[in-house]
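Residue numbers (this note's numbering), protein chains in the order written: chain H, 6 to 267; chain C, 6 to 290.
Hints were generated in silico from the structure; no laboratory data involved. Certain hints may be false.
Result set (DSBU-like, lysine-lysine): computed pairs, CA atoms no more than 30 Å apart in a straight line [what the hints assert, rightly or not]:
{"no.": "1", "chain 1": "C", "residue 1": "Lys241", "chain 2": "H", "residue 2": "Lys154"}
{"no.": "2", "chain 1": "C", "residue 1": "Lys182", "chain 2": "H", "residue 2": "Lys154"}
{"no.": "3", "chain 1": "C", "residue 1": "Lys57", "chain 2": "C", "residue 2": "Lys241"}
{"no.": "4", "chain 1": "H", "residue 1": "Lys46", "chain 2": "C", "residue 2": "Lys127"}
{"no.": "5", "chain 1": "C", "residue 1": "Lys52", "chain 2": "H", "residue 2": "Lys131"}
{"no.": "6", "chain 1": "C", "residue 1": "Lys127", "chain 2": "H", "residue 2": "Lys154"}
{"no.": "7", "chain 1": "H", "residue 1": "Lys232", "chain 2": "C", "residue 2": "Lys127"}
{"no.": "8", "chain 1": "C", "residue 1": "Lys52", "chain 2": "C", "residue 2": "Lys104"}
{"no.": "9", "chain 1": "C", "residue 1": "Lys52", "chain 2": "H", "residue 2": "Lys55"}
{"no.": "10", "chain 1": "H", "residue 1": "Lys232", "chain 2": "H", "residue 2": "Lys55"}
{"no.": "11", "chain 1": "H", "residue 1": "Lys232", "chain 2": "C", "residue 2": "Lys104"}
{"no.": "12", "chain 1": "C", "residue 1": "Lys103", "chain 2": "C", "residue 2": "Lys52"}
{"no.": "13", "chain 1": "C", "residue 1": "Lys241", "chain 2": "C", "residue 2": "Lys127"}
{"no.": "14", "chain 1": "C", "residue 1": "Lys104", "chain 2": "C", "residue 2": "Lys182"}
{"no.": "15", "chain 1": "H", "residue 1": "Lys46", "chain 2": "H", "residue 2": "Lys232"}
{"no.": "16", "chain 1": "C", "residue 1": "Lys103", "chain 2": "H", "residue 2": "Lys131"}
Here the structure is a predicted model, which means the values were calculated and not measured.
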Amino acid sequence: MRRPSTLTAYAFLYLVFLYLPVLFLPLFSFNSGTIVAFPIKGWTLDWYRKLGEQDTLIQALWNSLGVGTVVAILSTAMGLFAARAFVRYRFRGQRAAEGLVMLPLVIPGIIVASSMLVLFLFLGLKPSLLTVVLGHTFLALPFSVSILKSAFDDFDASLEEASYDLGVGVFETFRRVTLPVVSPGIVASLLVTFTVSFDEFVLAFFLSGNQPTLPVYIWSQIRFPAKLPNVLALGSILLLTSVLLLVLAEYFRRRSSASEVQ
Amino acid sequence: MIFRSEASRGYTLSAPATAYVGFLVAAPLLILIAYSFWTQTYVTLDKTPTLKNYRDAFADPLVRHLMLRSVWIAGAVTIATVALAYPIAYFIAMKARKKTIWLLLITIPFWSSYLLRVFAWKLILGFNGVMNSALLMLGLIDEPLDFLLYNEFAVVLTLAHAWAPFAILPIYVSLQKIDPSLLEAATDLGNSPLQRFMRVTLPLTIPGIIAACLIIFIPTVGDYVTPALVGGSDGKMIANLIQVQFGAANNWPLGATLSMIAMLSVGFVAIVFVITATRLGRRIR
Numbered sequence: 006m007r008r009p010s011t012l013t014a015y016a017f018l019y020l021v022f023l024y025l026p027v028l029f030l031p032l033f034s035f036n037s038g039t040i041v042a043f044p045i046k047g048w049t050l051d052w053y054r055k056l057g058e059q060d061t062l063i064q065a066l067w068n069s070l071g072v073g074t075v076v077a078i079l080s081t082a083m084g085l086f087a088a089r090a091f092v093r094y095r096f097r098g099q100r101a102a103e104g105l106v107m108l109p110l111v112i113p114g115i116i117v118a119s120s121m122l123v124l125f126l127f128l129g130l131k132p133s134l135l136t137v138v139l140g141h142t143f144l145a146l147p148f149s150v151s152i153l154k155s156a157f158d159d160f161d162a163s164l165e166e167a168s169y170d171l172g173v174g175v176f177e178t179f180r181r182v183t184l185p186v187v188s189p190g191i192v193a194s195l196l197v198t199f200t201v202s203f204d205e206f207v208l209a210f211f212l213s214g215n216q217p218t219l220p221v222y223i224w225s226q227i228r229f230p231a232k233l234p235n236v237l238a239l240g241s242i243l244l245l246t247s248v249l250l251l252v253l254a255e256y257f258r259r260r261s262s263a264s265e266v267q
Numbered sequence: 006m007i008f009r010s011e012a013s014r015g016y017t018l019s020a021p022a023t024a025y026v027g028f029l030v031a032a033p034l035l036i037l038i039a040y041s042f043w044t045q046t047y048v049t050l051d052k053t054p055t056l057k058n059y060r061d062a063f064a065d066p067l068v069r070h071l072m073l074r075s076v077w078i079a080g081a082v083t084i085a086t087v088a089l090a091y092p093i094a095y096f097i098a099m100k101a102r103k104k105t106i107w108l109l110l111i112t113i114p115f116w117s118s119y120l121l122r123v124f125a126w127k128l129i130l131g132f133n134g135v136m137n138s139a140l141l142m143l144g145l146i147d148e149p150l151d152f153l154l155y156n157e158f159a160v161v162l163t164l165a166h167a168w169a170p171f172a173i174l175p176i177y178v179s180l181q182k183i184d185p186s187l188l189e190a191a192t193d194l195g196n197s198p199l200q201r202f203m204r205v206t207l208p209l210t211i212p213g214i215i216a217a218c219l220i221i222f223i224p225t226v227g228d229y230v231t232p233a234l235v236g237g238s239d240g241k242m243i244a245n246l247i248q249v250q251f252g253a254a255n256n257w258p259l260g261a262t263l264s265m266i267a268m269l270s271v272g273f274v275a276i277v278f279v280i281t282a283t284r285l286g287r288r289i290r
């Protein structure tokens, strides 16, 4: 018999540490009291009902959805080409190029945010959703490149060669052979990059001007204790959305690495 | 075929991504550097290059204090996160039977908004918050604990939670790479489990530990959300001061200078760390 070791016990405690904070948001979003503390006064769905009545929130939601969609398309398109180049071809400076594309992951957020604000104003771009899109695409690119690289890794290059040998052109081959095989990777990349943008705060805080995205809106509400239940309800919905989108992305990512040629 | 050589196809396809990232890394940096040498009086920008901002920043005790505190908090966060994460990575790599499930379990909470996770900690640690009210209800304390929120401890705890997978995954990968026959050899040569860990396992995972430390330390020095939400006045960090310069204080040249100082400090500490850790790793072996 396997005796439960200290290590196993620690592992389970650690899971509690990881999950508990995140689970408190949804728990207290159903609390009818306005103070986030035990004991819970009673259960209610009111805070969720009231979300729909707030125009600034709805506007922020649309802003976030729009920004996320454009960011997902832009970063996945650029990531698709780059990932193919990195996996399929060998060229000088390739490692440097791959490293460069990963750079946005390690630069402190405040430095990216402040320096981009200065750059965009220098170029005559006023802070708006456009500048947020440009910034988020920068942040999302490493994610799309790494997801799509693993999608191309599992792709058998001889399929393309067979297509060329059969006299099919480059673009037609890409459309009919390459794209279908890597499409689960593309879907995964779209979902992940959308979520990266949807959840991002610091850059949007600096670059959104007077067009707040949802996290920026939440930030403006956090300061007012009276708005707390609202933020809890909204936050819980966002948590659920992010997790669902990324579980979906994970599903597609696995399908892409598991897919075989029939 | 449109392009004759493989290399030119590689360049063309990767160009949009590399050009985009390259431009958005280099151009803001150059402008930031330029701004840090300019000065501003009220709203007029004086573009005569000067070191005045740097002199002012270094002379200002607040800047020195916040910079040192940012580095020390980031160091504490890094050590706490890696120390807490190592046993988990070890457990998943060496003991757990369903590795993929465990890896998935530790990453799921981090697929949620960082802002909301920090916000959750603020609610938990507050004076009238979740933790205090739960402890009161259970009768473990008579009055709320006031040392939980708005200090350096809250910042370290929140970030040790926020960065967990960034520590677990690199260490897990390096543990995974260890050849089991090395461990068997150590045992056959009469090493106790502890000796075996110190002499074989730990030195072999140093690359993973270094990666985890860098991934955590670098962004933490410039973290804005956590000190702003749970740090209070004792837990403010350099990013909060930088934000003020670009926001309310509207002194961009000073903000740019502070960003430069933060970036250079991070770079300096990171390089010293990598060199020391690599040397140390060789010595253990």
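Checklist entry - Where does the structure disagree with the numbered hints, that is, which hint numbers, in rising order? => result Hints 1, 6, 8, 9, 11, 12, 16 are the ones this structure does not satisfy, whereas the remaining hints hold.
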